[in-house]
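Line by line, the protein sequences give chains A and B. Here the first sequence stands for residues 11 to 171, numbered as in my numbering. Here the second sequence stands for residues 966 to 1287, numbered as in my numbering.
Don't take every hint at face value.
Across the chosen pairs, the derived CB separations fall in these ranges [stated by the list, open to error]: (1) Ile1112/B with Asp74/A: 34 to 42 Å; (2) Ile1112/B with Thr16/A: 29 to 37 Å; (3) His1160/B with Asp92/A: 32 to 40 Å; (4) Ser1105/B with Glu105/A: 22 to 30 Å; (5) Val1263/B with Thr38/A: 29 to 37 Å; (6) Cys1204/B with Leu166/A: 28 to 36 Å; (7) Gln160/A with Ala1013/B: 52 to 60 Å; (8) Thr16/A with Arg1020/B: 32 to 40 Å; (9) Ser1157/B with Glu105/A: 21 to 29 Å; (10) Gln160/A with Ser1106/B: 47 to 55 Å; (11) Thr1217/B with Glu133/A: 55 to 63 Å.
Think of the hints as simulated: they come from the structure by calculation, not from any bench. Values in this document were obtained by computation on a predicted structure and should not be read as measured data. Glycine included, each C-beta is placed from N, C-alpha and C at the ideal position.
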Amino acid sequence: TLAERTNLAGVRHILLVLSGKGGVGKSTLSTELALALRHAGKRVGILDVDLCGPSIPRMLRVQDSAVHQCDSGWVPVFVGQDKAIALMSIGFLLERPDDAVVWRGPKKNALIKQFVTDVAWGELDFLIVDTPPGTSDEHISTVEALRPYQLLGAVLVTTPQ
Amino acid sequence: LAAQLSLSLAECPGTGSAQAGRAAACQGCPNQGLCAAGAAGPDPAEAAELRARLRAVRHTVLVLSGKGGVGKSTFSALLAHGLAADETKQVALLDIDICGPSIPKIMGLEGEQVHQSGSGWSPVYVEENLGVMSVGFLLSSPDDAVIWRGPKKNGLIKQFLRDVDWGEVDYLIVDTPPGTSDEHLSIVQYLSATHIDGAVIITTPQEVSLQDVRKEINFCRKVKLPIIGVVENMSGFVCPKCKNESQIFPPTTGGAEKMCQNLSVSLLGKVPLDPQIGKSCDRGQSFLAEAPESPATVSYRNIIQRIQEYCEQHHLQEEKIM
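Can you make the complete structure from the sequences, with help from the hints?
Pasting the structure below:
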């Protein structure tokens, strides 16, 4: 649909940060990468599709922020020193930060599709997508939802062992 | 779209449940139509099968964390080794991390295959009294990715419980993937056929881990899963040369200790970082056997003992009730 094309139409490159393994530093890298690209003058967004363990809001110190709506969908939360990095995470949608999101696949898939199509990202040079560990619903749904767009590629994170 | 979704716990009744598509929480879910049109609840015959299979299991312990990479599989393996040191006890280790099964490697069982017998799938035995099951044993190559959605993962977990011939088991330890999703909901649901003594929750000291672990504690409370306690891994590092202690992962918000106090949960112990732990895991050897003098081994053994005591006490209370 036209609406689907609109929200990601202004995004030049989409980068996935993946690992099979948990706790290796995906969210840390996603955050640092976004900050570094921003520092280099790029327009950057982060999409956090880790629905069970969203770490990005805390890393950018916006864990208490809320999400608002506009005509084209959800407005991302703007973070970073100059409030110029756009961030969307399920962390912003929880009533309480310790609330567990205990969803089975189908419901996770539905939200991920919404995150991809309904967030008004605007003009971005880079959209960094932080993922949870594994190779399951979130990963399949994210790649499927992003398929019509310019996927730059994936950065894989590991530790030595 | 509501700008603030109401995301209360366990909203989704489960695509296989009797309430699928019909619960209040289903309103607005994109899957509602599919669920409502689907079959009714869990098959009572299946539930009976699970009960029969698990009847000879005395104690079940789930090893959980909200966070990845904190040492769940490492701990599960060492708990299994620790409990199996008593040759009179029969121990079973079930790995339900379908996407990232670490247990075969940690237990030194890479390359092993599962055999079928008349009574079901045979676990792979490390010792006579220590049997293991993992999706890792079902892969043709260790690098094969298992790219499955929730329902297929749930199916395999059910098979692990229904089709594996565990025999008489004193302790069934279940290693889980990080998160609070299909695998976790399913294992709690399927194991309701037997009883679960409780969950051991693993964390590391930093807030980024704790914030996920608090969610896991909430998950346990909502599904009425007793929490045996929390283990804080990677808790400090003592240099073997100068004996100086460093906090590699500083507990900026008080670590597991503060969290346990705040949430009235037992802190089972803190385990320091020891490079030998990672090495032993990579080599499939028991760290407890390879480094008996390590402070980490002392911590692990104390924690294992506390878990054993909890389970025994639990069992006594159950017997009294009966």
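- In this structure, is the beta-carbon distance linking histidine 1160/B and aspartate 92/A contained in 32 to 40 Å? violated, 55 Å
- Query: Could one say that the CB atoms of cysteine 1204/B and leucine 166/A fall in the range 28 to 36 Å?
  - Reply: Given range 28 to 36 Å: holds, Cβ gap about 32 Å.
- Task: Could you see if the CB distance from serine 1157/B to glutamate 105/A stays within 21 to 29 Å?
- Result: holds, 28 Å
- Message: If I claimed the Cβ atoms of threonine 1217/B and glutamate 133/A lie 55 to 63 Å apart, would that claim hold in this structure?
- Response: violated, 36 Å
- Query: Between glutamine 160/A and serine 1106/B, does the C-beta distance stay in 47 to 55 Å?
  - Reply: violated, 32 Å
- Task: Just tell me: holds or violated, for the beta carbon distance of valine 1263/B and threonine 38/A against 29 to 37 Å?
- Result: holds, 31 Å
- Message: 22 to 30 Å was suggested as the range; check whether the CB atoms of serine 1105/B and glutamate 105/A agree with it.
- Response: violated, 45 Å
- Assessment of proposed distance window 29 to 37 Å (beta carbons of isoleucine 1112/B, threonine 16/A): holds, 30 Å
- Message: If I claimed the Cβ atoms of threonine 16/A and arginine 1020/B lie 32 to 40 Å apart, would that claim hold in this structure?
- Response: violated, 58 Å
- Message: Given a hint of 34 to 42 Å, does the C-beta separation of isoleucine 1112/B and aspartate 74/A actually sit inside it?
- Response: holds, 36 Å
- Item | Range hint compliance [Cβ, glutamine 160/A to alanine 1013/B, 52 to 60 Å] | Given about 53 Å between the Cβ atoms, the range holds.
Comparing the model with each numbered hint stated earlier shows that hints 3, 4, 8, 10, 11 do not hold.
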